[in-house]
Amino acid sequence: MKTLITPNLLKFTLTTIILTIIFRLSLSTSITSKVIIAVILSAIIYSILMWFNGRYFGRKEYEYLPIYDIGFRFHLSTFLSHNVVSIFWFVFSFKSHYENIKIIYMTALIWSVFLIIHFIYFLSIRKSTIRNLDKEDLFE
Amino acid sequence: MTKDILPDLLSSWEETYKKGQLTLWIFLALKDGSKYVDEIKEFIERKSKNTISCEEQSLYRNLRKYKHIDIVSFAIKKGNKGPNRKYYFLTDMGTELLEKFIERNIKLFFSTEINNLLKK
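Chains X and Z supply the protein sequences, listed in that same order. For the first sequence, the positions run 1 to 140 when the numbering used here is used. For the second sequence, the positions run 1 to 120 when the numbering used here is used.
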């Protein structure tokens, strides 16, 4: 388990938490101000930055030590970071008056279906590893 | 078909042939004695008569993987010049792995039959 939680994964998670806080802040502010374009832009910018975040740390992770399955570990980290930050956003009442926590739960529920599918894939490719390294990528 | 394409064919075949050889060369370098990355690189290039070239980054990446699966380890020692260095060496499992690999894949070429064919 220790080898699955790597420095790059931790840095990715920290960046995700920061980006999610910024996203929630801009989202709540935009909703409160009823500026629809700002709501859309917040979501687009957040998704683009998250893509770069995953690409940057995912690539670094692969180049340092290609521990399987980078994709699932980063996906799980994103799922947890995003939803925990979002729930705390409501718990501490930073939310906009118009936001409803049910949306967070619904998003998490739908997302968890995709996460489970990804987890099944993760387990299936686990068989082709030796000490968490892909057999086919072990020797060059 | 003309012989013009012979150099291209040779380099294409060599390119494919060399893939997968880096591990063997790294292991041979370490079988020769513990070494730090620059020495491994120098060993491989010299002993392979520059037919195998390797980037330091690629060596580090491979050594990290081998370390992770316990076929290579390192000890920090003072370098010939400059700072302390990681001297890599084969673990018992690494040595056994290399021996088995050589037995199954390299020694074939030393059999009389294949040797005679190569000399023909």
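If you are wondering where the hints come from, they were derived from the structure by calculation, not from laboratory data. Computed from a prediction, not measured in an experiment: that's the story for all the values here. In this text, a Cβ means the ideal position worked out from N, Cα and C, and glycines have one as well. It cannot be assumed that every hint is accurate.
[Said to hold, decoys possible] Not close to chain X: a few residues of chain Z, all C-beta gaps over 12 Å, as computed:
#, residue
1, Ile-5
2, Thr-23
3, Lys-41
4, Gln-57
5, Ser-58
6, Asp-70
7, Ala-75
8, Glu-96
[Claimed, not checked] Pairs of lysine-lysine, DSS-like flavour, derived with a Cα cap of 30 Å:
#, chain 1, residue 1, chain 2, residue 2
9, Z, Lys-49, Z, Lys-86
10, Z, Lys-49, X, Lys-34
11, Z, Lys-18, Z, Lys-78
12, Z, Lys-49, Z, Lys-19
13, Z, Lys-18, X, Lys-135
14, Z, Lys-119, Z, Lys-67
15, Z, Lys-77, X, Lys-127
16, X, Lys-60, Z, Lys-100
Now for the hints, and whether the structure bears them out:
No beta-carbon of chain X is positioned within 12 Å of the beta-carbon of Ile-5/Z; the least distance is around 28 Å. For Thr-23/Z, the shortest C-beta to C-beta distance to chain X comes to about 4 Å, within the 12 Å cut-off, and the non-interface label is violated. Non-interface call for Lys-41/Z relative to chain X: holds, since the shortest CB-CB distance, roughly 14 Å, exceeds 12 Å. At roughly 8 Å from the closest C-beta of chain X, the C-beta of Gln-57/Z falls inside 12 Å, breaking its exclusion from the interface.
With 12 Å as the threshold on Cβ separation, the claim that Ser-58/Z sits away from chain X is violated: the shortest Cβ distance comes to roughly 7 Å. Not every CB of chain X lies more than 12 Å from the CB of Asp-70/Z, the least distance being 8 Å, so the non-interface label is violated. Under the 12 Å C-beta cut-off, the non-interface status given to Ala-75/Z relative to chain X holds; the minimum distance is some 20 Å. Every CB of chain X lies more than 12 Å from the CB of Glu-96/Z, the least distance being 15 Å, so the non-interface label holds.
For the hint pairing Lys-49/Z with Lys-86/Z, the CA-to-CA distance comes to about 25 Å; that is within 30 Å, so the pair holds. Taking the CA atoms of Lys-49/Z and Lys-34/X, the gap is about 71 Å. The hint is violated against a cut of 30 Å. Between the alpha carbons of Lys-18/Z and Lys-78/Z the distance comes to roughly 33 Å, so the proposed pair goes past 30 Å and is violated. Proximity of Lys-49/Z to Lys-19/Z is assessed by CA-CA distance (about 17 Å); at most 30 Å being required, the pair is judged to hold.
Under the criterion of a C-alpha separation no larger than 30 Å, the hint pairing Lys-18/Z with Lys-135/X is consistent with the structure, at around 19 Å. For the given pair, Lys-119/Z sits about 39 Å from Lys-67/Z by alpha-carbon distance, which is inconsistent with the 30 Å threshold. A C-alpha spacing of about 38 Å is found between Lys-77/Z and Lys-127/X, which places the hinted pair above 30 Å, so the restraint is violated. Straight-line distance between C-alpha atoms of Lys-60/X and Lys-100/Z comes to about 33 Å, which puts the hinted pair past the 30 Å bound.
Violated hints, in rising order: 2, 4, 5, 6, 10, 11, 14, 15, 16; the structure is consistent with all others.
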